[in-house]
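A.B. asks: Dock chain B against chain A, hints included.
Chains as they are written, first to last, in my numbering: chain A, 189 to 516; chain B, 189 to 516.
There may be inaccurate statements among the hints.
Note: identical chains are not told apart, hence a pair may lie in one copy or across any two.
[Claimed, not checked] Derived EDC-like pairs (lysine to aspartate or glutamate); straight-line CA-CA distance at most 16 Å:
id	residue 1	residue 2
1	Lys-381	Asp-476
2	Lys-367	Asp-249
3	Lys-259	Asp-463
4	Lys-436	Glu-461
5	Lys-367	Glu-328
Just so you know, the hints here were simulated from the structure itself, not pulled from any lab data.
There are 2 protein chains.
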Amino acid sequence: MLPIAIDAMGGDRGPAEIVAGARRAAAELGVPLLLVGRPEELGDTGGIEVLPATEVIEMTDDVASGVRRKKDASVVRAAEAVRDGRASAMVSAGNTGAAMGSALLRMGRLPGVTRPAIATPLPVPGSTPTVLLDAGANAECTAEMLVQFAQMGAAFAAGRYGIEHPRTGLLSIGEEAGKGTGVVKEANAALQKAEVWAGSGGTFVGNVEGRDLLTDRVDVVVTDGFTGNVVLKTLEGAMTFMRDAIFKVMMSTPEAIEASQVLVPLLMPLVREMDPDSYGGALLLGVDGVCIISHGASSADAVFNAVGVAKDMVDGGLVDRLRQSVKV
Amino acid sequence: MLPIAIDAMGGDRGPAEIVAGARRAAAELGVPLLLVGRPEELGDTGGIEVLPATEVIEMTDDVASGVRRKKDASVVRAAEAVRDGRASAMVSAGNTGAAMGSALLRMGRLPGVTRPAIATPLPVPGSTPTVLLDAGANAECTAEMLVQFAQMGAAFAAGRYGIEHPRTGLLSIGEEAGKGTGVVKEANAALQKAEVWAGSGGTFVGNVEGRDLLTDRVDVVVTDGFTGNVVLKTLEGAMTFMRDAIFKVMMSTPEAIEASQVLVPLLMPLVREMDPDSYGGALLLGVDGVCIISHGASSADAVFNAVGVAKDMVDGGLVDRLRQSVKV
Numbered sequence: 189m190l191p192i193a194i195d196a197m198g199g200d201r202g203p204a205e206i207v208a209g210a211r212r213a214a215a216e217l218g219v220p221l222l223l224v225g226r227p228e229e230l231g232d233t234g235g236i237e238v239l240p241a242t243e244v245i246e247m248t249d250d251v252a253s254g255v256r257r258k259k260d261a262s263v264v265r266a267a268e269a270v271r272d273g274r275a276s277a278m279v280s281a282g283n284t285g286a287a288m289g290s291a292l293l294r295m296g297r298l299p300g301v302t303r304p305a306i307a308t309p310l311p312v313p314g315s316t317p318t319v320l321l322d323a324g325a326n327a328e329c330t331a332e333m334l335v336q337f338a339q340m341g342a343a344f345a346a347g348r349y350g351i352e353h354p355r356t357g358l359l360s361i362g363e364e365a366g367k368g369t370g371v372v373k374e375a376n377a378a379l380q381k382a383e384v385w386a387g388s389g390g391t392f393v394g395n396v397e398g399r400d401l402l403t404d405r406v407d408v409v410v411t412d413g414f415t416g417n418v419v420l421k422t423l424e425g426a427m428t429f430m431r432d433a434i435f436k437v438m439m440s441t442p443e444a445i446e447a448s449q450v451l452v453p454l455l456m457p458l459v460r461e462m463d464p465d466s467y468g469g470a471l472l473l474g475v476d477g478v479c480i481i482s483h484g485a486s487s488a489d490a491v492f493n494a495v496g497v498a499k500d501m502v503d504g505g506l507v508d509r510l511r512q513s514v515k516v
Numbered sequence: 189m190l191p192i193a194i195d196a197m198g199g200d201r202g203p204a205e206i207v208a209g210a211r212r213a214a215a216e217l218g219v220p221l222l223l224v225g226r227p228e229e230l231g232d233t234g235g236i237e238v239l240p241a242t243e244v245i246e247m248t249d250d251v252a253s254g255v256r257r258k259k260d261a262s263v264v265r266a267a268e269a270v271r272d273g274r275a276s277a278m279v280s281a282g283n284t285g286a287a288m289g290s291a292l293l294r295m296g297r298l299p300g301v302t303r304p305a306i307a308t309p310l311p312v313p314g315s316t317p318t319v320l321l322d323a324g325a326n327a328e329c330t331a332e333m334l335v336q337f338a339q340m341g342a343a344f345a346a347g348r349y350g351i352e353h354p355r356t357g358l359l360s361i362g363e364e365a366g367k368g369t370g371v372v373k374e375a376n377a378a379l380q381k382a383e384v385w386a387g388s389g390g391t392f393v394g395n396v397e398g399r400d401l402l403t404d405r406v407d408v409v410v411t412d413g414f415t416g417n418v419v420l421k422t423l424e425g426a427m428t429f430m431r432d433a434i435f436k437v438m439m440s441t442p443e444a445i446e447a448s449q450v451l452v453p454l455l456m457p458l459v460r461e462m463d464p465d466s467y468g469g470a471l472l473l474g475v476d477g478v479c480i481i482s483h484g485a486s487s488a489d490a491v492f493n494a495v496g497v498a499k500d501m502v503d504g505g506l507v508d509r510l511r512q513s514v515k516v
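So here's chain A without its partners, still in its complex pose:
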């Protein structure tokens, strides 16, 4: 297996955290890695090869001009390594826009894909995750783009989670086909056609609603990048809110503190399962290569998990599955 290129300069916590995650991944997953960044800032890589890159696209940089002007940026070099056959996948925890832009400009799109989409797996305890896409790459989408997202989402869920016929839903404001915006209605009509699903193995369950996301009703939920991103952040906010509110109650009286000592350890698996760091980040689907976009605040754990996802994507031939799914 070709090494997985890791943008070592991305991430709010700095290179040390990324390198720590990479070292753990190299040791435990046995995958070859390639750390891309300023060698002098990486510290001891534990023998992991370094691909030098002198520039960094910061979280605050303008994405479009950053990717074009900073040709020696770590994230750009990571994408190039995939394009040039030097790496099998890229992982970045930096500026999401820069990772998308680099992957798109350096790897290019798969044939038939109008725009790549960000797919985010939402954890559903006791079941496979629900894949939400587009989680933010394209604020405005045509019905045609939504159809491609549905195809790619189904192909991804099939390959990554072994779901034979992923149930794919279109996010709307009612289950009836006539509910939603003009674009959503048009997409609904197009997704009813059997030929749309020939390449991915997915099935269309019609419109779904926000309340279906964390359930086993559906495997893939398709929406535009504006709605998808708002939904994702709403879920994050709701989880944080509930966690904090419950914690406050647990600390409110001596009896509650005592009772919590029994319950908190039992609640930890749920807390861990719902932690964005544990599910390995989002994926950019539709580019000609594997691109994993980890949370900006990524911990070493998140980097470790992202490498795991990248490895699975490569091993499972995900890019070929995606190519097949949107075949024109």
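C.D. replies: Positioned in the frame of chain A, the structure of chain B alone reads:
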């Protein structure tokens, strides 16, 4: 005070539940009420006056034709009672579209309002609710409509919660003014202008994100009815998910069950505060009258709370505040 008209035929649980809530409201809130529906199906109204209406718009009815064809529908008659000065407000727990349509067709719009919007208060423990609008009336919105929603939302928050200068945010996928769809960017630019806020007393805090909804960062969040409805149902789904997941853990071992006996009573205020039935339903803002739309699965409690909100709206002169807020 003129009576508050209650659509007695709306709601999944049937007229008995509505009448029960109405009787409690009459007794405890001391407001005059008017139950609208089929007298023979209402049972003992405890002396509350009945306005006979022979038809019902069902949950499954097509809204547009239902409101036009069923001229003697309870929800239509309730809206007419407000228009004709026989009632001060209407409350419906039936088909949301039918309530909106009846209010719009019978009461008409306030001057300067392109389309009314549904405002839903989201509970924020320890603070005033966050008012989310449009929560589903208009799947597609222009920037001009979003500006009107912002004005009406601020006027509502000021009048209902006594917030002097409601902080109003525009829901988007990043805090920077340049983030979002074309319509959102246009609305952001328009909302920066001071004159927009002259009539409502609101202030613009710029773009906000999904994670801000359940916090004290903002008092009013404006978005199109597609995104707003998806967000609302996502929140409902997340709350249900968390409640069920935590309950499962609490019942998982004998020790957990024992510990829960201490914690559950302490958690109940939070559970009650987050229950949609307790915050009195949504409001249709922008029609020339008070229209409260309660949850379809409304309990007697929800009807009671909805009457309380209607009373506050009438007492607080909300319609005049709204009229002032969008003054052209």
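A.B. asks: Determine for every hint whether it applies to the structure shown.
C.D. replies: Here is what the structure says about each hint:
no.: 1; hint: Lys-381 / Asp-476; in the structure: neither (26 Å within a copy, 45 Å between copies)
no.: 2; hint: Lys-367 / Asp-249; in the structure: between (39 Å within a copy, 14 Å between copies)
no.: 3; hint: Lys-259 / Asp-463; in the structure: neither (34 Å within a copy, 53 Å between copies)
no.: 4; hint: Lys-436 / Glu-461; in the structure: between (21 Å within a copy, 15 Å between copies)
no.: 5; hint: Lys-367 / Glu-328; in the structure: between (18 Å within a copy, 11 Å between copies)
Checked against the numbered hints listed earlier, the structure breaks hints 1 and 3; every other hint is satisfied.
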